[in-house]
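*Asks:* The chain contents come next:
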Amino acid sequence: MQLQRISLNQLGSMIILFLIGSSSLFLLASDASKDAWLAVIVGMLGGLLLLWGVNLFLYRLMPEMNLIEMIFELMGKPIGYLIGIAYVLYFCYKSIRNVREFGDLSIMYLLPQTPLPALMLIVCLLSAFTIFHGVDVFFRMAEAVLPIVIIIYILLFLLVAGSGLLHFDHVTPVLDEGFKPIWDAAIPELISFPFGEIVLFLMFWKYTEHRGNMVSLTVKCFLFSGLFITFTNLFILAGLGSLAGTVSIPLMQLTNLIEFARFLERIDPLVALLLFTGVFFKLTAYYFGAVLALSQIVNRPNNKYIILLIGMVIFFGSFLFRNYLEHIYVGFQYNVKYHFPIFQIFLPIMLLTLAIIKKRRSEKVHAK
Amino acid sequence: MNEEIKGNHSTDEKELKRLSADLDQNIKMVTDQLGTQPDIMIRQLHLFSNSKAALLYIAGMTNVNAVNLLVMSMISEPPLGSSEQVESPFDSLMYRSLAVGGIRKLASLDEVLLAMLEGNSIILLDGFCDAIAAFTCGVEKRSVEEPSTQTVVRGPKEGFTETLHVNTALIRNKIKSPNLRMEYRIIGHQTRTTIALVFMKGIADDKVIEEARRRLDLIDTDSILESGYIEEFIQDKTFTPFPLLQNSERPDAVAAGLLEGQFAIIVDGTPFVLLAPVTFVKFFQSSEDYYQRYDIATFLRIIRFFSFFASMLLPSIYIAITTFHQEMLPTQLLISIAAQREGVPFPALIEAMIMEVTFEILREAGVRMPRIIGPAISIVGALVLGQSAVQAGLVSAAMVIVVSFTAIASFVIPSVNMGTAARLIRFLLMILAGTFGVFGILAGLMMLLTHLSALRSFGVPYLAPIAPLVPGSLKDVFIRVPWWAMKKRPGFQKKEATVRQGTPSSLSETDDEHPQEGSEQ
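Chains as they are written, first to last, in our numbering: chain A, 1 to 368; chain B, 1001 to 1521.
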């Protein structure tokens, strides 16, 4: 596990892949029905505020530190251990959710007779294999994969549009039920998933080179991903209408309907590819975050046993849910509303406050 | 020259043994070491100066004409008195009369033996405890022919041979620049193979060259018979199916590589020259791409990448779809394939394995067997294994098509060793596809991507210029832009030498020697 500098290009690719993840395959904010895409924009703006005002601010105050180092620096040892471990568990849990989601969806759509543990084990092993190679390799992979993912998405959009599946009367009239349902759907759910997840990058930012442009690049990539998710959301809504809220993978459903030039039909494997890549990068990023965080806490960088340990936690943790429905229910009813905001909003803001106070104090000392 | 060789730390007494002043004893020492073998020639001569001399060489290692000329110049040496200057007979031979290009003065028996084994002729003179080695090397060698493994439609038809000096000359003939540097070293305790490290000074990255020197110096082995030995000793990582050094039989390809900042390693005794550092996409570039029009070259590049992925993935995709995801096929096609597979007794994975292994056997047979039996293999392959297997109901016709296409696609890749990487990975992916369907293939590909991202060739990331992205270098990856648009070198060079067009280059000091070029050819 060598830790090397990552280029801005790689960082940008990773942010985009990470944020898009699998979220563009699903209909986010389905509570807002027709106006779900507006809710995504609201969520994105909320996330942007969080990113710009808290995470990046925090990073600029302490650019040489990752999240765990910041926690220790600002909160001292005993509380630092507690919160640090909490973040490790949070990253693991996020990873677990991705593993589980991937396993369940694969069984549902691709391999109905394969045992779930086998699939999840393979995904975990793949992630561990990547993490063994280090940060730079992982980020380079993102750089290589992003163009392919974008090309496939464009292809899908063109095929969907070319097959005449888009009916924009599904999404009009805009703001039929006023702004309230949009707000309710977006805050805090959409900040928690996917936009607030950017907090993970506090673990990675310190490895980038050319820090000067990093902040604006991060924001640009964040905006790109947000608009991209909005776009796919709109697409799904326009293609499937009211059906969109009821199917498990709306984009898969939509591509199922493609019939282009009597030749291209059922291009589900492309969607499977997108799902796989998106989930893989997301879960590996969280897995990596957990590994880096734990290595920092126990002060053992480059320890391969930590990778195995976290891997095992993630693998066995993914049996926490009895089935996909429970997984979804727990996720959307409790986690995104109550649990994730602690780590994505509350703790970073607290850290920022502490950091600002500390800075003021040291400036005062200097002034004297 | 007259003291003992200090650098030689060997404790063996014989190796440090000095020559004596007595001619017969010297000859005896040599024959004791080499044995009285029939190819060791000892010619005793009396010079005009009345001193006794002997010429020693190994028949077959030396050029007959050169030796004859040497003997002639020795016996026609003018008597000592006729010259105004008074020289010793040794100096007279050494500096005056020998009709040969290169000579060296040797002091120890060890040096004499090595010089002889390299094909030099040794002149021993009675009364002097030094010997002269005259450069008369001239092993019978193959003439320069068209390369057999990397053929082109348009482009130079000459290929490297087994002789180091011919190969270096072929490169020098392409790049007439004083910056073309060749560093020789001898590797292999027993074979004492000469290898040349060739690079363009001022273009190649100094750190890379230093690393290459270091790795070559670390090689400690008794034999180097082919550049493959060197390749395995100096590559960055052993456990990978992907080649981390390129090899080429074509002087033009090597020259192009040198000019892009790569270095070459020429090994005496093989026409395959190594080129490094190298990236993944380099293996999909043929030197012909640069001689043909850029549009067709671009088209061919894309065909090659497509073929690579087809040869790697096609059987596994077929297995995955027919085993797990039948719904992905259009209905008509599904019915047709299902009908074909109706009588086939094996699952798709086994069926594909049988056919792939059969093809690999056929292919290996095609390479190993004597040329005359060639057509027989084609008949057996095509008729017996293809048609009859389908008629007998052992494999489906669709599978034969898939396997044949895979096979043909694997030959499209210009570099054989990248093709073999695809062959190996194909089997892994087939097993994954047979057990986990499309998911297995994706998992396999993701692992492959991790592996590729982690690979480096002499410090250069293997996936460059895609990851890490070097936008300027993308002009020569999936597309090939016209020559005038490739103003910069594509990435191996040192920073100062990025530009190759548009600036008056201080590198080419020999530009005004063009008239000579015409007369040479």
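Derived from the structure by calculation, the hints contain no laboratory data. The beta carbon of each residue, even a glycine, is placed where N, CA and C say it ideally should be. Where hints are given, some of them may not hold.
Unchecked claim - Here are the computed distance ranges between Cβ atoms for each label pair:
#1 A:LEU175 / B:THR1240: 52 to 58 Å
#2 A:ARG322 / B:PRO1241: 53 to 59 Å
#3 A:PHE332 / B:GLN1326: 31 to 37 Å
#4 A:ILE151 / B:HIS1189: 41 to 47 Å
#5 B:ALA1392 / A:ILE151: 39 to 45 Å
*Asks:* Between PHE332 (chain A) and GLN1326 (chain B), does the C-beta distance stay in 31 to 37 Å?
*Replies:* 34 Å, holds
*Asks:* If I claimed the Cβ atoms of ARG322 (chain A) and PRO1241 (chain B) lie 53 to 59 Å apart, would that claim hold in this structure?
*Replies:* Since ARG322 (chain A) and PRO1241 (chain B) have Cβ atoms about 42 Å apart, the given range 53 to 59 Å is violated.
*Asks:* Given a hinted range of 41 to 47 Å, is it respected by the beta-carbon distance of ILE151 (chain A) and HIS1189 (chain B)?
*Replies:* 54 Å, violated
*Asks:* Within 52 to 58 Å: is that where the Cβ-Cβ distance between LEU175 (chain A) and THR1240 (chain B) falls?
*Replies:* Since LEU175 (chain A) and THR1240 (chain B) have Cβ atoms about 57 Å apart, the given range 52 to 58 Å holds.
*Asks:* Does the Cβ-Cβ separation between ALA1392 (chain B) and ILE151 (chain A) fall within 39 to 45 Å?
*Replies:* At roughly 43 Å between Cβ atoms, ILE151 (chain A) and ALA1392 (chain B) fall inside 39 to 45 Å, so the hint holds.
Of the numbered hints given earlier, the model fails hints 2, 4; all others are met.
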